[in-house]
Amino acid sequence: GENVEQHPSTLSVQEGDSAVIKCTYSDSASNYFPWYKQELGKRPQLIIDIRSNVGEKKDQRIAVTLNKTAKHFSLHITETQPEDSAVYFCAASRVGNQFYFGTGTSLTVIP
Amino acid sequence: NAGVMQNPRHLVRRRGQEARLRCSPMKGHSHVYWYRQLPEEGLKFMVYLQKENIIDESGMPKERFSAEFPKEGPSILRIQQVVRGDSAAYFCASSAGYSEQFFGPGTRLTVL
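Heads up: the protein sequence lines correspond to chains A and B, in order.
For reference, each letter of the first sequence is one residue, going 1 to 111 in the working numbering.
For reference, each letter of the second sequence is one residue, going 1001 to 1112 in the working numbering.
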């Protein structure tokens, strides 16, 4: 089965700085890579996703890059704000199938 | 336009009792996925169902756990003879099968 690793497990940045979270996956058949944000006690919410036919995708301050050859993908958050503080999960899947999640990154943005 | 609904939101059971968790997918979604999240851990896949069919249950313990998604009504995750280690948040997600998964608010199960 798929195995997703995520680093770092915790990340603290100053407000306005950038944050980068990295994930690797093992199954070369995986073709869909979503990122979820989860606030304490809340449900995971999709913030951005990328499919394997695309190398990069951007949505305002959030971007995701994918390197299929190396089987890794990254989340980039620019101009971080205190409300970005949360746990972020990456996941890998074949479209339509179950997600295999990374272990999460707890991001703290220091005002 | 209701999202994914789960009930109950909180469930307390004593060891040995049964827990039934319900999930109603978003309108138009026929794919349901159950995940378990232990305290301060990630989400672990349990089971993937479509209407009346279990597609993949490879993440679900062989004993005491079962899931169904009947033709009518919500998907149900059933845990028999609960133990303390079953205490966790159980999330379901739904999708149209070719796109993103939308998560419900979760059921937080506490086993005393």
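No lab work stands behind these hints: they were computed from the structure.
Using N, Cα and C, we set each Cβ at its ideal position, and we do this for glycine too.
Hints are supplied without guarantee of correctness; some may be wrong.
When the alpha-carbon atoms are kept at most 20 Å apart in a straight line, the in silico EDC-like pairs for lysine to aspartate or glutamate are as follows [said to hold, decoys possible]: (1) Lys57(A) <-> Glu39(A); (2) Lys42(A) <-> Glu1041(B); (3) Lys71(A) <-> Asp84(A); (4) Lys37(A) <-> Glu1041(B); (5) Lys68(A) <-> Glu2(A); (6) Lys1027(B) <-> Glu1072(B); (7) Lys22(A) <-> Glu1072(B); (8) Lys42(A) <-> Asp1056(B); (9) Lys1044(B) <-> Glu5(A); (10) Lys58(A) <-> Glu79(A); (11) Lys58(A) <-> Glu1100(B); (12) Lys1044(B) <-> Glu1072(B); (13) Lys1044(B) <-> Asp27(A); (14) Lys1044(B) <-> Glu39(A); (15) Lys57(A) <-> Glu1100(B); (16) Lys1044(B) <-> Glu2(A); (17) Lys37(A) <-> Glu15(A); (18) Lys1062(B) <-> Glu1018(B); (19) Lys22(A) <-> Asp59(A); (20) Lys37(A) <-> Glu1072(B); (21) Lys42(A) <-> Asp17(A); (22) Lys22(A) <-> Glu2(A); (23) Lys68(A) <-> Asp27(A); (24) Lys37(A) <-> Asp1086(B); (25) Lys22(A) <-> Asp84(A); (26) Lys68(A) <-> Glu5(A); (27) Lys58(A) <-> Asp27(A); (28) Lys42(A) <-> Glu1100(B).
Quick look at which bits of chain A chain B covers, simulated, 3 or more residues with Cβ under 8 Å [said to hold, decoys possible]: (29) 39-46; (30) 59-72.
We went through each hint and held it up to the structure:
Using a Cα cut-off of 20 Å, the hinted pair lysine 57(A) and glutamate 39(A) is violated, with the two alpha carbons roughly 23 Å apart. At roughly 14 Å between alpha-carbon atoms, lysine 42(A) and glutamate 1041(B) fall within 20 Å of each other, so this suggested pair holds. Pair hint lysine 71(A) plus aspartate 84(A) does not hold up; C-alpha atoms about 26 Å apart against a cutoff of 20 Å. Note on lysine 37(A) and glutamate 1041(B): the hinted pairing holds, with a Cα-Cα distance of about 14 Å set against a maximum of 20 Å.
At most 20 Å may separate the alpha-carbon atoms for a hinted pair to count; lysine 68(A) and glutamate 2(A) meet this at roughly 14 Å. Between lysine 1027(B) and glutamate 1072(B), the direct Cα distance comes to roughly 13 Å. Compliance with the 20 Å bound is thereby established for this hinted pair. Distance restraint check for lysine 22(A) and glutamate 1072(B): the Cα-Cα separation of roughly 41 Å exceeds the 20 Å cut-off, and the hinted pair is therefore not satisfied. A distance of roughly 26 Å separates the Cα atoms of lysine 42(A) and aspartate 1056(B); the hinted pair therefore is violated under the 20 Å criterion.
For the hint pairing lysine 1044(B) with glutamate 5(A), the CA-to-CA distance comes to about 13 Å; that is within 20 Å, so the pair holds. Among the hinted pairs, lysine 58(A) with glutamate 79(A) is consistent with the structure: their alpha-carbon atoms are about 14 Å apart, no more than 20 Å. Restraint check: the Cα-Cα separation between lysine 58(A) and glutamate 1100(B) comes to about 17 Å, which is no more than 20 Å; the hinted pair holds. Proposed proximity of lysine 1044(B) and glutamate 1072(B) is contradicted: the alpha carbons are some 27 Å apart, above 20 Å.
This hinted pair checks out: lysine 1044(B) and aspartate 27(A) have alpha carbons roughly 17 Å apart, not beyond 20 Å. For the given pair, lysine 1044(B) sits about 18 Å from glutamate 39(A) by alpha-carbon distance, which is consistent with the 20 Å threshold. The suggested pairing of lysine 57(A) with glutamate 1100(B) holds, with an alpha-carbon distance near 15 Å, which does not exceed 20 Å. Of the pairs offered as hints, the one joining lysine 1044(B) and glutamate 2(A) holds, with about 12 Å between alpha carbons and a cut-off of 20 Å not exceeded.
Annotation: proposed proximity of lysine 37(A) to glutamate 15(A) holds, straight-line Cα distance about 18 Å (limit 20 Å). A distance of roughly 16 Å separates the Cα atoms of lysine 1062(B) and glutamate 1018(B); the hinted pair therefore holds under the 20 Å criterion. Proposed proximity of lysine 22(A) and aspartate 59(A) is supported: the alpha carbons are some 18 Å apart, at most 20 Å. A distance of roughly 32 Å separates the Cα atoms of lysine 37(A) and glutamate 1072(B); the hinted pair therefore is violated under the 20 Å criterion.
The suggested pairing of lysine 42(A) with aspartate 17(A) is violated, with an alpha-carbon distance near 25 Å, which exceeds 20 Å. With a CA separation close to 16 Å, the supplied pair lysine 22(A) and glutamate 2(A) stays within the 20 Å bound. Between lysine 68(A) and aspartate 27(A) the alpha-carbon distance is near 10 Å, which keeps this suggested pair within the 20 Å criterion. The hinted pair formed by lysine 37(A) and aspartate 1086(B) fails the criterion: a straight-line CA distance of about 24 Å is larger than 20 Å.
Between lysine 22(A) and aspartate 84(A), the direct Cα distance comes to roughly 17 Å. Compliance with the 20 Å bound is thereby established for this hinted pair. Of the supplied pair hints, the one linking lysine 68(A) and glutamate 5(A) holds, its CA atoms being roughly 15 Å apart against a limit of 20 Å. Restraint check for lysine 58(A) and aspartate 27(A): not satisfied, since their Cα atoms lie roughly 24 Å apart, outside the 20 Å limit. Taking the CA atoms of lysine 42(A) and glutamate 1100(B), the gap is near 18 Å; set against the 20 Å cutoff, the hint holds.
Only when three residues or more bring their CB closer than 8 Å to a CB of chain B does the claim for the stretch 39-46 of chain A stand; here the count is 5, and the claim holds. Coverage of a stretch by a chain is defined here by at least three residues with a beta carbon nearer than 8 Å to that chain's beta carbons; for the stretch 59-72 of chain A and chain B the count is 0, and the condition is violated.
Hints 1, 3, 7, 8, 12, 20, 21, 24, 27 and 30, counting from the list given before, are not met by this structure.
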